[in-house]
Amino acid sequence: MACSRRTTALVVVIAAYVLSFFHRFAPAGIATELAAAFHTSAASLGTLAATYFYVYTLMQLPTGILADTVGPRRIIVAGGFVAAAGSLLFALAPSLEVALAGRTLTGLGVSVTFIAMLKLFALWYDERRFASLVGLGMFVGNLGSVLAGTPLTALAQLTGWRGVFVATALASLAVAVLCWRLIEPEEPGTLKRFDRTVIFGGLATILRNRATWPAVLANFGIAGSFFAFAGLWATPYLMSVHGLTKLQASHHLSLYFLAFALGCLAIGALSDRLARRKAVLVPVAALYLACWVVCLTAGPLPQTLTFPLFALMGLASSSFSLTWACAKEVNLPALSGMSTALTNMGGFLGGALLQPLAGALIDRAWNGTVLDGVRIYAPEHFTAAIACLAGAAALGFLGACLVHETRARNRWQNPA
Numbered sequence: 001m002a003c004s005r006r007t008t009a010l011v012v013v014i015a016a017y018v019l020s021f022f023h024r025f026a027p028a029g030i031a032t033e034l035a036a037a038f039h040t041s042a043a044s045l046g047t048l049a050a051t052y053f054y055v056y057t058l059m060q061l062p063t064g065i066l067a068d069t070v071g072p073r074r075i076i077v078a079g080g081f082v083a084a085a086g087s088l089l090f091a092l093a094p095s096l097e098v099a100l101a102g103r104t105l106t107g108l109g110v111s112v113t114f115i116a117m118l119k120l121f122a123l124w125y126d127e128r129r130f131a132s133l134v135g136l137g138m139f140v141g142n143l144g145s146v147l148a149g150t151p152l153t154a155l156a157q158l159t160g161w162r163g164v165f166v167a168t169a170l171a172s173l174a175v176a177v178l179c180w181r182l183i184e185p186e187e188p189g190t191l192k193r194f195d196r197t198v199i200f201g202g203l204a205t206i207l208r209n210r211a212t213w214p215a216v217l218a219n220f221g222i223a224g225s226f227f228a229f230a231g232l233w234a235t236p237y238l239m240s241v242h243g244l245t246k247l248q249a250s251h252h253l254s255l256y257f258l259a260f261a262l263g264c265l266a267i268g269a270l271s272d273r274l275a276r277r278k279a280v281l282v283p284v285a286a287l288y289l290a291c292w293v294v295c296l297t298a299g300p301l302p303q304t305l306t307f308p309l310f311a312l313m314g315l316a317s318s319s320f321s322l323t324w325a326c327a328k329e330v331n332l333p334a335l336s337g338m339s340t341a342l343t344n345m346g347g348f349l350g351g352a353l354l355q356p357l358a359g360a361l362i363d364r365a366w367n368g369t370v371l372d373g374v375r376i377y378a379p380e381h382f383t384a385a386i387a388c389l390a391g392a393a394a395l396g397f398l399g400a401c402l403v404h405e406t407r408a409r410n411r412w413q414n415p416a
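Going by UniProt numbering, the letters in the sequence shown line up with residues 1 to 416, in that order.
Certain hints may be false.
Said to hold, decoys possible - Pair ranges (Cβ atoms, derived):
1) Ser41 / Ala275: 46 to 52 Å
2) Val98 / Ala384: 29 to 35 Å
3) Arg411 / Val70: 23 to 29 Å
4) Leu92 / Arg411: 47 to 53 Å
5) Ala365 / Thr8: 48 to 54 Å
6) Thr304 / Gly391: 27 to 33 Å
7) Gln157 / Ser4: 36 to 42 Å
8) Cys401 / Thr304: 32 to 38 Å
Just so you know, the hints here were simulated from the structure itself, not pulled from any lab data.
The beta-carbon is built from N, C-alpha and C at its ideal position, and this holds for glycine as well.
Between the sequences and the hints, there should be enough to build the whole structure, so can you do that?
Structure (structure tokens):
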């Protein structure tokens with residue numbers, strides 16, 4: 001593939017990743033609209049949002065296997081068509097059950113994008129640039145999460161949230177067609193045959209490798225709490241605990257995502273420049289945990305403090321972006337799809353479990369107040385949920401402390 005075509009293809013793949021980030025965090029920007037449209041409780045709303053994470057989690061290992069066998073091109077294109085169908089179904093859903101089906105299809109479609117992108121990074125570029133490329137991809141991809149904040153709130157007020165997801169379906173179709181045209185049909189470096197013995201043997205090697213699991217735990221705790229909070233509960237938390245309006249809360253959410261995007265770009269570049277993974281991961285994960293301690297213990301804060309807190313929290317959330325490099329570099333290069341998929345599975349499993357759990361804890365503390373058909377929550381109703389998410393962040397920090405320092409080199413290719 002010519003360099004210019006490869007660059008163009010990578011831009012389109014990252015555009016697909018932008019859409020996946022938008023879908024991931026969109027419920028946070030329209031949480032009150034969804035609750036009103038489907039007359040649902042916090043626990044049910046948490047389940048609706050987390051459906052994306054359930055299917056995303058289940059698809060990670062199959063995606064890794066497919067990325068290592070059939071190659072990234074086919075799975076990105078197929079995923080784009082499925083995501084488009086899911087987005088359209090969600091937009092037109094007359095009931096919560098249909099919305100759940102649409103959200104499930106959307107999660108299924110976009111679940112392949114990130115691992116396919118990582119596989120392309122591993123195939124096309126030097127391993128010493130891997131963390132920087134991941135950071136760049138997540139930085140641009142996070143434009144989707146930024147769009148899920150203030151822009152989504154403003155656009156939903158103009159066109160309705162359903163119109164937004166119809167447009168997203170059309171965008172998914174366009175990106176899928178472009179990926180089919182721009183990515184080479186045969187990618188060198190993938191396993192040439194779908195040999196079950198080779199595949200399951202490779203997967204067993206990754207699972208038996210003790211050095212793989214700290215990265216999975218770090219991703220579970222840090223990414224899982226990030227997805228659960230920023231993906232749904234941040235806006236209700238800011239409105240109920242800190243007394244902000246919905247628009248003010250959406251500004252905080254956009255700042256959070258922007259800081260996260262910048263953090264991904266910076267932490268990947270810093271890690272590659274220093275040729276260190278653990279030495280960068282641990283202090284940033286500690287900062288993330290400290291932000292959760294503030295959320296748990298500080299009580300209502302003025303915006304002069306909530307804005308810096310959310311900016312710092314978003315920046316520190318980016319620590320998990322190093323976990324894929326940590327996992328890839330302690331496993332065979334030919335198995336990079338599966339090793340990064342297993343790590344990614346940790347974060348989405350965390351989101352799938354924590355998002356509805358937080359909702360259930362909020363509902364359990366709720367005192368029964370309803371206004372215009374929508375449940376009203378007080379600051380104390382969020383205490384147990386925030387404590388749960390802080391506990392997950394602590395697990396993530398523990399995983400970060402246990403990862404192996406690879407010095408930005410694959411230990412199988414560079415055993416010394």
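These are the hints, each one checked on the structure:
1. The beta-carbon spacing between Ser41 and Ala275, approximately 50 Å, falls within the hinted interval of 46 to 52 Å.
2. Taken as a hint, the range 29 to 35 Å holds for the pair Val98 and Ala384, whose Cβ atoms sit roughly 31 Å apart.
3. At about 28 Å, the CB distance of Arg411 to Val70 agrees with the hint of 23 to 29 Å.
4. Distance hint check for Leu92 and Arg411: the Cβ-Cβ separation is about 50 Å, which falls inside the suggested range of 47 to 53 Å.
5. Between Ala365 and Thr8 the C-beta distance comes to about 51 Å, which sits within the given range of 48 to 54 Å.
6. Thr304 and Gly391 have their C-beta atoms about 28 Å apart, which keeps the hinted 27 to 33 Å range intact.
7. Gln157 and Ser4 have their C-beta atoms about 41 Å apart, which keeps the hinted 36 to 42 Å range intact.
8. Checked against the hint of 32 to 38 Å, the C-beta distance between Cys401 and Thr304 comes to roughly 33 Å, which is consistent with it.
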